[in-house]
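Fit chain L to the supplied structure of chain G, relying on the hints for placement.
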Amino acid sequence: MPVNPELQGRAFPPVAPYLVGREKVREFARAVFATSPLSTDPDAAIAAGYPDVVAPPTFPVVVQEATLAQLLAEPDAGIDFSRVVHGDQRFTYSRPVVAGDELTATLAVTSIKTLGGNSMVTAESTMVDAAGEHVVTAISTLVVRGDDA
Amino acid sequence: MSGISVAVGDIVAEHTQHITRDSLVRYAGASGDFNPIHYRDDIAESVGLPGVLAHGMLTMGLAVQPVVDWLGTRGWVSDYQVRFTRPVVVDPAEGATLTIIAKVGAVDDAGLRIDLTVSFNDATVLGKAQVRVTLS
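If you read the protein sequences in the order shown, they are chains G and L. Heads up: the first sequence is residues 0 to 148, going by numbering that gives the first Met the number 0. Heads up: the second sequence is residues 0 to 135, going by numbering that gives the first Met the number 0.
Take the hints with a grain of salt, since some may be wrong.
[As the list claims (entries may be wrong)] Dumping the calculated EDC-like pairs for lysine to aspartate or glutamate here, alpha-carbon to alpha-carbon at most 20 Å:
| id | chain 1 | residue 1 | chain 2 | residue 2 |
| --- | --- | --- | --- | --- |
| 1 | G | K23 | G | D87 |
| 2 | L | K102 | L | D68 |
| 3 | G | K23 | L | D32 |
| 4 | G | K112 | G | E73 |
| 5 | L | K127 | G | D87 |
| 6 | G | K112 | G | D79 |
| 7 | L | K127 | L | D114 |
| 8 | G | K23 | L | D21 |
| 9 | L | K127 | G | E123 |
| 10 | G | K23 | G | D51 |
| 11 | G | K23 | G | E64 |
| 12 | G | K23 | G | E101 |
Simulated from the structure, these hints should not be mistaken for lab results.
Just chain G, same shape as in the assembly:
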């Protein structure tokens, strides 16, 4: 089944807020081989002017996960997860993510293209803090391989 082109432009309801925890930031930092004390030592982060430890640049993927699950679960999407390959990824920030942030992510499908039997689905997850201010947008392009690919 091909990806439903009518997904383009579809807006989704926000997912439940994600509370960024200090230990989660440390766990993620260790997993991506981050060595900056800003991500592990609250005193170092505070000395640098942050309220708590600073998440590594790709941390919002943890929050984005729930929005991509929404997309894959959409009954008419026609996206077979076993045929999905991650094509591109981008994070565009207004400010760094820090422990204590409560991030609410909202998914939008911004583009669907078909190329040589494959579909390219671009999904943007916009994340705002508890005050409603933009923090980061995570943009993924998923390549969905066609039946014969």
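What follows is chain L alone, placed relative to chain G:
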């Protein structure tokens, strides 16, 4: 100001990062991405892959760390993008070794663009890997 004085073409960081299957399990737990192609050889083979692959997001995540370390408190990463162009196959015994070269791609009023070259077995695995740095 930030105290950073660089020119286009300067290499600001070079780093070699060895990863193993343990790294993939750790990343799966930290990120919540439990796709079994990142830890089960039988499933990776059943979908036509040459072996267990590193998560693309692990490669993306570790590739920016030399830039983060170089920056310290002098600036922060305000935009980071990559294209996943080639898989990183992680051997169960030997692991895999990635090399990262971070070079200044542009300097302007807003900050810097750092371009990353990330290689595995002498071939690049990320395309258009660009880090936008906003200076403190």
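Hints, verified against the model:
no.: 1; hint: K23(G) - D87(G); verdict: 25 Å, violated
no.: 2; hint: K102(L) - D68(L); verdict: 14 Å, holds
no.: 3; hint: K23(G) - D32(L); verdict: 15 Å, holds
no.: 4; hint: K112(G) - E73(G); verdict: 18 Å, holds
no.: 5; hint: K127(L) - D87(G); verdict: 9 Å, holds
no.: 6; hint: K112(G) - D79(G); verdict: 16 Å, holds
no.: 7; hint: K127(L) - D114(L); verdict: 8 Å, holds
no.: 8; hint: K23(G) - D21(L); verdict: 18 Å, holds
no.: 9; hint: K127(L) - E123(G); verdict: 19 Å, holds
no.: 10; hint: K23(G) - D51(G); verdict: 12 Å, holds
no.: 11; hint: K23(G) - E64(G); verdict: 15 Å, holds
no.: 12; hint: K23(G) - E101(G); verdict: 13 Å, holds
When held up to the earlier numbered hints, the structure conflicts with hint 1 and nothing else.
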